[in-house]
Amino acid sequence: MPVIKIDGREIPFEKGDSIIRAADRQGIEIPHYCWHPGLSVAANCRMCLVEVSRPGGRQLMLDVLAWDEEKKAYVPQKKPKLEPACQAECVEGMEVKSDSSPHVALARKSVQELLLVNHPVDCPICDQAGECKLQDYWLENQKTSKRMLDEPVHKPKAVIFGDTIVYDAERCIVCTRCVRFMEEVAGDAVLEKRERGNLSEIVLAAGRKLEGHYTMMVDHVCPVGALTTRDFRFKARVWFLRKSKTICPGCATGCNAWLDYDPRTGEVPRLRPRDNTDVNKYWMCDDGILSHRRVQQDRVTARASAGRTPASRSRRSRRRFRGRPAARRQGQDRLHPLGAARERGQLRPRHPGEEARRQGALRRQAARVGRRRDPARQGPQPEHARRHRGRG
Amino acid sequence: MEPTDYDIDESELDLPTEPMRLAMGPSHPAMHGTIRMMVECDGEMLTKVDVEMGFLHRGFEKMCERGTWAQCFPYTDRLNYVSPMLCNVGFAHAVEKLADIEITERCKWYRVVLGELARITDHLTCNAAMAMELGAFTPFLWMVRAREHIWDLLEEETGARLTHSFARIGGMAKPPTPLLKARLGEVIPAVRSIIDESMKLLLKNRIFLDRMQGVGVMSAAEAVQWGWTGPTLRSTGVAYDVRKAHPYLVYDQLDFDVPVGERGDNYDRYLVRNEEMYQSLRMLEQCVQKMPDDGPINVADRPEIVLPEKKDVYTTIEGTIQHFKLVMEGAKIPAGEVYGFTEGGNGELGFYIVSDGTGTPYRVRIRPPCVFVLQSFPRMIRGHMIADVVPTFGSVNMIGGECDR
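Chains A and B, in that order, give the protein sequences. When you line the first sequence up against the numbering used here, it's residues 64 to 455, in that order. When you line the second sequence up against the numbering used here, it's residues 9 to 413, in that order.
Hints in this document: simulated from the structure, not taken from any laboratory. None of the values given here were measured: they were computed from a predicted structure. Treat each hint with caution, since some may be false.
[Unchecked claim] Within a straight-line C-alpha distance of at most 30 Å, the following computed DSSO-like cross-link-like pairs (lysine-lysine) qualify: (1) Lys-206(A) <-> Lys-134(A); (2) Lys-318(B) <-> Lys-172(A); (3) Lys-209(A) <-> Lys-252(B); (4) Lys-256(A) <-> Lys-308(A); (5) Lys-212(B) <-> Lys-116(B); (6) Lys-318(B) <-> Lys-209(A); (7) Lys-206(A) <-> Lys-218(A); (8) Lys-172(A) <-> Lys-212(B); (9) Lys-319(B) <-> Lys-220(A); (10) Lys-78(A) <-> Lys-116(B); (11) Lys-105(B) <-> Lys-116(B).
Here chain A stands alone, though its shape is the one from the complex (with noise of 0.2 Å):
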C-alpha cells in the first residue's frame, strides 16, 4: 500500500484518498469544520490547512511581509503556500507537516479567531455545549481573547425549518454540511445558501420547509450549536449525558446508534447515529432517532387488568403469583431492546405486561393439554390429590 508521510509518521492510503480521509483512516485528527467522510468536499472551512511537500516537486512559496522583532519592522520573507487537507489526494512519497508546523499552527489559530468574530455568547444557552468544535479548537488551537471589540453581526435566530429542526444564523460558520447532507444524500436539496462573507447564512429553498424522513440528520452534522432538533432542544445539558452502544430499534435495518441517556434519571433524551459504513454508514433517519421516545412513552407501569389486585385473584392464581418478585409478576424486566442501558436496570421493555400474560396462558395451557395425555410426566403427586383420586 502506497504510504505518505503526516508529521513524520508513515500513513497508508488507497488510490483517491485526500489527506485528512487517510489520516481519520489511521485516527490522526486534522481539525476540519466543513469536512464530512460521507459527504462531498467543500474545502471552505480552512481549517484543516497543511503543509505540502510533494515528491520531486517545488514546494509551493508565498512572498510575505513579516514581522522582525530586531529590526522593527517588516521584511520579505518566505510561506509555504498551505493546502486544505480534505481537498488535496495523496500521492506516494509525499510529506505533510500538519501539528509540527509553526504556519499551520498560525493558520488554524486565525481562521478559529476568524470563525469566533461574530459568534455570539450563546454557551450557556447552546445546545452544543460541550461537544462543540468551536470550544474544542478554541482550546487546542487559538486560546487568545477577543481583538475585535465591534459590535458583531446580527443574523435571524430561532428560525424554525421545518417540523424537526430550528436554525440559528448566528452561531453558524457556514460549513455548508447541512446543504450538501440534503442534496447528497437526502436527494432533496431544500437548504441553500445565500449572499456572501459574513452575511451569509444557510436558508430553506423558497416556498419550502425542511421535510422528509432524513431531517434531523442535519443537527448531527451540523459542527457547531446552529441546527438543533426541536426535539432535544434545551432538554439535557450534554456533559450530564452518558452514550452506549446500541441499535436503532425502529426498523430491521439495525442502524448502528450511540443512547444518550441521563445516569441520575434513566431517561433518554436522544439517539444519535454512530458509523458503521456497512449497515447505516453515518445516518439515521428520523423514526430512528425519535425512536428514543419510545423508552419513555406509553410504558405499563401498572398491571393490565382492571380491578383485578392479588387479593381478589381465585385462590389458584394467588398461589402462581406467590413467591415471585415484584417486578416479575408484572412481567416487566424481560425484554431489552435497548440492551446497554437495561444491566443498569433503567431501560424496560415497552408492553411486557401483555405479552407476559399471553406467553403465560399458552404454558399453562400446554401443561394441562400434556398432563391430560401423558401420566408419567407428571411426577410424584402431592398427597392430598393421591389420596382424591383414590377415593375417586
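Since the structure of chain A is provided, determine the placement of chain B on it from the hints.
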C-alpha cells in the same frame, strides 16, 4: 481489679498491682475531639501510650480524584484549618510546579502576605489553646483577640474568615484590595503588642513554667529520625525551615531569622512559635515596603489553565469558551508527578500529585507535618504523668483535618 478481701501480709506492703488502662478522648476536651489515646499508667505515671488517629478522616485525597484540579482548593482549606491559606498556597505551588507555571511577581508577594498572616493565626491558636488547657483562660482570650485582627483583614481580602479557597492555579481568586497595605500597617503593631502582652501573662507564671519546662523532651537526632519538621523540629535545635532551605515565592528576598530551641521540650516549642510570629510580622513589614502596587495577579500566558476575567466571560465568546472548558472539563495539567512542598503552619506541608493529563487529579497525596510529630508522641510522653499529656499534646499542634485528611 484486685479482690478486696486480699490476704495482706503485714510484712509485705508492696501490693501487686496491674497497670491501669485509661481512654483519653475522643471526647476529652484536650484531645480536640479528634483523637483517642489509650494510656496505661502505673499510678499516675504513664507506662505506655497508644495514639489512635483517624477520627476526622474524610477521604480528602480520594475526593480530590473526582473533581477538577481547581475544585481541590476548598478541600485544602479543611486540611490545617487554623491556617488554611498556607494549605491553599501549598497546593497551588505543587500544581504550578507540575504544570511549569511561573506566577507573577505581585502574586508571589500577595501569597507571602496572606500566608504569613495565616502562620501567625496558626501559632496564636496553638499557643493560646495550649495555655488554656493548662487553665490559663485569660491568655487564650488575649491571643484570640490578636487572631481576630488578622481574620478581619483576611476576610476583607478573601471574603472569608477561615475557609478562604482563595488561591488558584496560576494566581489568586482576586487581586489585593487597595486598602491592603494600610490595613497591614494597622494590624501588624496591634498584633505585636498583643503577643508581647500574652508573653508577659505566661512567662512569669510558675504553674505554666513548671508544666512546660522539661516535659515532652525530644532530642534533635531523634526528631529528625521521626520525620519532624516545622516549629517542633526547630525547638530541638535543628534550623530546618523550607522557606530558608528551599526558598519559594519571594522568601529569598525577605530578611528573617529561623528561631531554634535548645532542649526540645514543651517550653521550647512555645517559645519557638512565639518567635516565629515576630519573624512573620517582620516579613509582613518588609512586604508592605516591597510588594508592587500594580501588575497582574494571574499569569496571562496560560489561558488553558487560568480562568479568564469575568467581564470577558460575559461579553466575548472566547472568554465564554475558555471559562466553559476550564469549569466543565478542568484545566488539563500535563501528565507527570511532582512533589511540591512549602512551609505550612506545622512544618513541611507536601503535596505529592500525579496527573494523567486530564482535568482531574489522578492522585493527590498529602504529607501532613503533624502526623510525623504525633506518631512520636508515645516516645515524648513516656515516663511523664497523665496531666502532662495535655500540654504536650497541645504543643504538638495536632490539627485533625490535616492529620486525618
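So, going through the hints one by one against the coordinates:
{"no.": "1", "hint": "Lys-206(A) <-> Lys-134(A)", "in the structure": "holds (28 Å)"}
{"no.": "2", "hint": "Lys-318(B) <-> Lys-172(A)", "in the structure": "holds (23 Å)"}
{"no.": "3", "hint": "Lys-209(A) <-> Lys-252(B)", "in the structure": "violated (43 Å)"}
{"no.": "4", "hint": "Lys-256(A) <-> Lys-308(A)", "in the structure": "violated (35 Å)"}
{"no.": "5", "hint": "Lys-212(B) <-> Lys-116(B)", "in the structure": "violated (40 Å)"}
{"no.": "6", "hint": "Lys-318(B) <-> Lys-209(A)", "in the structure": "holds (14 Å)"}
{"no.": "7", "hint": "Lys-206(A) <-> Lys-218(A)", "in the structure": "holds (26 Å)"}
{"no.": "8", "hint": "Lys-172(A) <-> Lys-212(B)", "in the structure": "violated (71 Å)"}
{"no.": "9", "hint": "Lys-319(B) <-> Lys-220(A)", "in the structure": "holds (24 Å)"}
{"no.": "10", "hint": "Lys-78(A) <-> Lys-116(B)", "in the structure": "violated (59 Å)"}
{"no.": "11", "hint": "Lys-105(B) <-> Lys-116(B)", "in the structure": "holds (14 Å)"}
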